[in-house]
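Which chain is which? The protein sequence lines are A and B, in order. The first sequence runs 2 to 97 under the working numbering. The second sequence runs 2 to 97 under the working numbering.
It does not matter which identical chain is meant; a pair holds if it fits inside one copy or across any two.
Okay, derived cross-link-like pairs now, SDA-like style, lysine to any residue, Cα gap no bigger than 25 Å in a straight line:
{"#": "1", "residue 1": "Lys-77", "residue 2": "Leu-44"}
{"#": "2", "residue 1": "Lys-64", "residue 2": "Gly-84"}
{"#": "3", "residue 1": "Lys-26", "residue 2": "Phe-49"}
{"#": "4", "residue 1": "Lys-53", "residue 2": "Arg-79"}
No lab work stands behind these hints, which were simulated from the structure alone.
2 protein chains.
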Amino acid sequence: MMVLISYDVATGDKDGQRRLRCIAKECQNHAQRVQNSVFEANLDYGTFLKMKSRLLAIMDKEKDSLRFYYLGNNWKHRVEHIGAKPGMDMEGPLIF
Amino acid sequence: MMVLISYDVATGDKDGQRRLRCIAKECQNHAQRVQNSVFEANLDYGTFLKMKSRLLAIMDKEKDSLRFYYLGNNWKHRVEHIGAKPGMDMEGPLIF
Numbered sequence: 002m003m004v005l006i007s008y009d010v011a012t013g014d015k016d017g018q019r020r021l022r023c024i025a026k027e028c029q030n031h032a033q034r035v036q037n038s039v040f041e042a043n044l045d046y047g048t049f050l051k052m053k054s055r056l057l058a059i060m061d062k063e064k065d066s067l068r069f070y071y072l073g074n075n076w077k078h079r080v081e082h083i084g085a086k087p088g089m090d091m092e093g094p095l096i097f
Numbered sequence: 002m003m004v005l006i007s008y009d010v011a012t013g014d015k016d017g018q019r020r021l022r023c024i025a026k027e028c029q030n031h032a033q034r035v036q037n038s039v040f041e042a043n044l045d046y047g048t049f050l051k052m053k054s055r056l057l058a059i060m061d062k063e064k065d066s067l068r069f070y071y072l073g074n075n076w077k078h079r080v081e082h083i084g085a086k087p088g089m090d091m092e093g094p095l096i097f
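The following block holds chain A by itself, in its conformation from the complex (with noise of 0.2 Å):
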């Protein structure tokens, strides 16, 4: 299945800053990132549910959220891409 991830993370503070490191990390392990915070996964259910259920253990809901958008099987007509592809400094800090 085809999950788009994506997440705001409230990185006002270094618990902050702690969380947003291992969320991208946790989606950098199972999914590929298409843009700074947008990842896709095309896992089976059962992998795609551990790792949401680390996403959720990593998030603070009060401050973060996470959204995930269940594509279906026929995904790849779906999604359109225009522009620059994702660079290897995602890392890195980017003002917004």
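Please build the complex by placing chain B on the supplied structure of chain A, with the hints as guidance.
Chain B in isolation, oriented as in the chain A frame:
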């Protein structure tokens, strides 16, 4: 039709910061912000195409990226949100 829009904008210079503001504003005009750089647009096809055209005119295809996920009619079953809702101060500086 429901379309998920996510973007990365290279904000290392003033022009990038301008593009980010313009893209965010264009998205806010037609879509609901669900995370910092993630919007959901429930639009008729013609309106979506006009919006997409404006976004493409703003972005720098060498530096920025836009992704569109066409979620189809049963999109409500495809989305799961966990944690904090988007705050009001989405245009303020956030350090990732």
